[in-house]
Amino acid sequence: MRTGHEASLPKTHTNPTETEKEDRPNGDKGGPRVNGHTNGDVLVERQVSSDIVYEERRSSNGESLATIRTDGAEDDISKAVRRDARTRQVRSELVSGRKAGENWDRRIRWAPLNVPLKRRLQTLMVLLHSLSIIMMVTTFFFLCAIPLLWPIIVPYLIYVLLSNAGSSGEHYYRSERIRRLPIWSLFASYFPARLHRSHVLPPTRKYIFGYHPHGIISHGAFAAFATEAMGFSQLFPGITNSLLTLDSNFRIPIYRDWALRLGMASVSRESCENLLSKGGVNSHGMGRAITIVIGGASESLDAEPGIVRLVLARRRGFVKLAIRTGADLVPVFAFGENDLYEQVRPADHPLLHQFQMLVKKILGFTVPIFHARGIFNYDVGILPYRRPVNVVVGKPIQVRQQEKPDEAYVQELHDEYTQELRRIWDDWKDTFYKDRDAELQIVS
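For the sequence shown, counting from 1, position 359 maps to 359 in the UniProt record's numbering; every step adds exactly one.
Careful: at least some of the hints might be erroneous.
Each computed DSS-like pair below joins lysine-lysine, with the alpha-carbon atoms no more than 30 Å apart [to be verified]:
| hint | residue 1 | residue 2 |
| --- | --- | --- |
| 1 | K404 | K278 |
| 2 | K395 | K320 |
| 3 | K429 | K395 |
| 4 | K404 | K320 |
| 5 | K118 | K434 |
| 6 | K320 | K360 |
| 7 | K404 | K361 |
| 8 | K278 | K320 |
| 9 | K278 | K395 |
| 10 | K320 | K361 |
| 11 | K434 | K395 |
No lab work stands behind these hints: they were computed from the structure.
Please model the entire structure based on the sequences and the hints provided.
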């Protein structure tokens, strides 16, 4: 039975890029694959419209998953996963001596000069996004050094400090044209990243999407919910989604205007309640959705390739918000988000971890010490690895609205939410995260 919205498929779409070719040790073996992973799911339906492919797959326990992708993207994703699998170290009980010439193998591996232009553009887009706050703040200070611009800059700075645009719940500054720019397709195809829908969401309800895991920078959340690069409006027609971020980001000159254009908003309680109670099909929030990265800064410190630890057991605020506003809860799991960076492990550096937690307590956020690849090399830098990110949107959990949430009902919904999140993991881990090092862990 077809569950998608084929009539709303876009007429044009940017094709994903070829997968990066790197020399990696260890071969990759396996059977039939979907998105590069051996699995037991079945292709139920596949239709091609122009260069857009609509697919519906079914897992071994009967769960279906709808996906929109460009024709030929599957090969790119398969290559990306095979390349990633070759980078993983295989532990062995056999102890060997030093390998002759291994010092040469440890040298930084540089990218070849004949990399296709599209791949260079993908790298550029990811670099610009990763450094966007730094670049925009630097630009603002350069403008401040020009006295001729002070009559404009001073009123603007006062406006930035006093404005409540990030928490008003209005979409005055949101620009669908900017969200649909072709540059975002370059950004998403860098990894590559894809968005999958397991259940149809009626536009007559309002929703809170809970995104897991946080990862280091949550690139998957940005690509899926702050842009149209992954086809959100085609998979969920009639729903206007806002990705939420720290309220302090809307006090950063220039960057706050860019974030507002992308439809982003503050994660403060006031902002969430305004977004879910204004506008929509009935002027009371119906047809609206917000996306919250539930784990926050604490979870980012636990981001580690091959392992998923979710800071969720004591998180109740988003459930209470759903009850007060009557918004349905929708678990979202991003397979591969944690694999985009390596970071200094807190267990190996306890003093550094204590300092990071102190910064979080004072500033409300923390900075993981991480690295991945560079612009012209594969081993050192702040760019994420080219590893697939598959964002799976789960089954909505209907919520009964209450002005004052009952604690027993909060716990009931939290348990149901956690159970649905585990179901997503169990259904699709062998499809999208075959080379994991451990099973899902939910911590406090």
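Status of each hint after checking the structure:
1. K404 with K278: Holds, at about 20 Å.
2. K395 with K320: Satisfied, since the Cα-Cα distance of roughly 19 Å is no more than 30 Å.
3. K429 with K395: Within the cut-off at roughly 16 Å; holds.
4. K404 with K320: Within the cut-off at roughly 9 Å; holds.
5. K118 with K434: Status holds; Cα separation ~29 Å.
6. K320 with K360: At roughly 24 Å apart (the allowed maximum being 30 Å), K360 and K320 satisfy the hint.
7. K404 with K361: holds, 28 Å
8. K278 with K320: holds, 18 Å
9. K278 with K395: With a Cα-Cα distance of about 24 Å, the restraint between K278 and K395 holds, given a limit of 30 Å.
10. K320 with K361: holds, 23 Å
11. K434 with K395: holds, 22 Å
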